[in-house]
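Each residue of the sequence shown is one higher than the last, beginning at 2 in my numbering.
Calculated directly from the structure, the hints in this document are not laboratory data.
If you're wondering where the values come from, they're calculated on a predicted model, not measured in any experiment.
Beta carbons: idealized from backbone N, C-alpha and C, even for Gly.
Take the hints with a grain of salt, since some may be wrong.
[Unchecked claim] Straight line, CA to CA, 30 Å or less: simulated DSS-like cross-link-like pairs of lysine-lysine:
id	residue 1	residue 2
1	K72	K4
2	K25	K40
3	K50	K8
4	K8	K20
5	K50	K4
6	K107	K8
7	K25	K50
8	K40	K4
9	K72	K20
10	K72	K40
11	K40	K50
12	K25	K107
13	K40	K20
14	K72	K107
15	K50	K20
[What the hints assert, rightly or not] Here are the simulated distance ranges between beta carbons:
id	residue 1	residue 2	range
16	S28	D77	21 to 29 Å
17	C90	A51	28 to 36 Å
18	V82	P11	18 to 26 Å
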Amino acid sequence: FDKIIAKEIPSTIVYEDDKILAFKDISPQAPVHVLVIPKFRDGLTQLGKAEQRHGEILGQLLYAARIVAEKEGILDGFRVVINNGPSACQSVYHLHLHVLGGRQMKWPPG
2 FDKIIAKEIP STIVYEDDKI LAFKDISPQA PVHVLVIPKF RDGLTQLGKA EQRHGEILGQ
62 LLYAARIVAE KEGILDGFRV VINNGPSACQ SVYHLHLHVL GGRQMKWPPG
């Protein structure tokens, strides 16, 4: 993700501010699949490593997910997923949210 943040590799950016970057997933699992990441990792490799000092950025990530849903036209129905650790299939150790939508979601998810 560092190379995407640095614009060293291409991505389709959906939303960006000074602390957050949201871009389309290269292997989408739904018609809309956007990743929302903090630009500065600050030790936040996964949600299970979060500390109280990360509270503000965690809130900003969730609010950015809402903005992404609105921009992508899925505000009336979307899912936010955070995979935490290997048994949850986390593959990139830079905390990120998946915003998924554009189709009927199923429950249970996994």
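Verification of the supplied hints:
The suggested pairing of K72 with K4 holds, with an alpha-carbon distance near 24 Å, which does not exceed 30 Å. Simply put, K25 and K40 have alpha-carbon atoms about 16 Å apart, close enough for the 30 Å limit, and the pair holds. Restraint check for K50 and K8: the C-alpha separation of about 26 Å stays at or below 30 Å, so the hint holds. As the CA atoms of K8 and K20 are separated by approximately 15 Å, the hinted pair is consistent with the 30 Å bound.
Restraint check: the Cα-Cα separation between K50 and K4 comes to about 22 Å, which is no more than 30 Å; the hinted pair holds. Only pairs whose Cα atoms come within 30 Å are accepted, and K107 paired with K8 is rejected, the gap being roughly 35 Å. The hinted pair formed by K25 and K50 meets the criterion: a straight-line CA distance of about 25 Å does not exceed 30 Å. About 11 Å separates the Cα atoms of K40 and K4, which keeps this hinted pair within 30 Å; it holds.
With a CA separation close to 18 Å, the supplied pair K72 and K20 stays within the 30 Å bound. Straight-line distance between C-alpha atoms of K72 and K40 comes to about 20 Å, which keeps the hinted pair within the 30 Å bound. For the hint pairing K40 with K50, the CA-to-CA distance comes to about 17 Å; that is within 30 Å, so the pair holds. Between K25 and K107 the CA atoms are separated by roughly 21 Å; this keeps the pair inside 30 Å, and the hint holds.
About 5 Å separates the Cα atoms of K40 and K20, which keeps this hinted pair within 30 Å; it holds. At roughly 23 Å between alpha-carbon atoms, K72 and K107 fall within 30 Å of each other, so this suggested pair holds. A distance of roughly 19 Å separates the Cα atoms of K50 and K20; the hinted pair therefore holds under the 30 Å criterion. For the pair S28 and D77, the beta carbons lie near 25 Å from each other, so the given range of 21 to 29 Å is met.
The beta-carbon spacing between C90 and A51, approximately 19 Å, falls outside the hinted interval of 28 to 36 Å. Range check, V82 to P11: Cβ separation about 24 Å, and the 18 to 26 Å hint holds.
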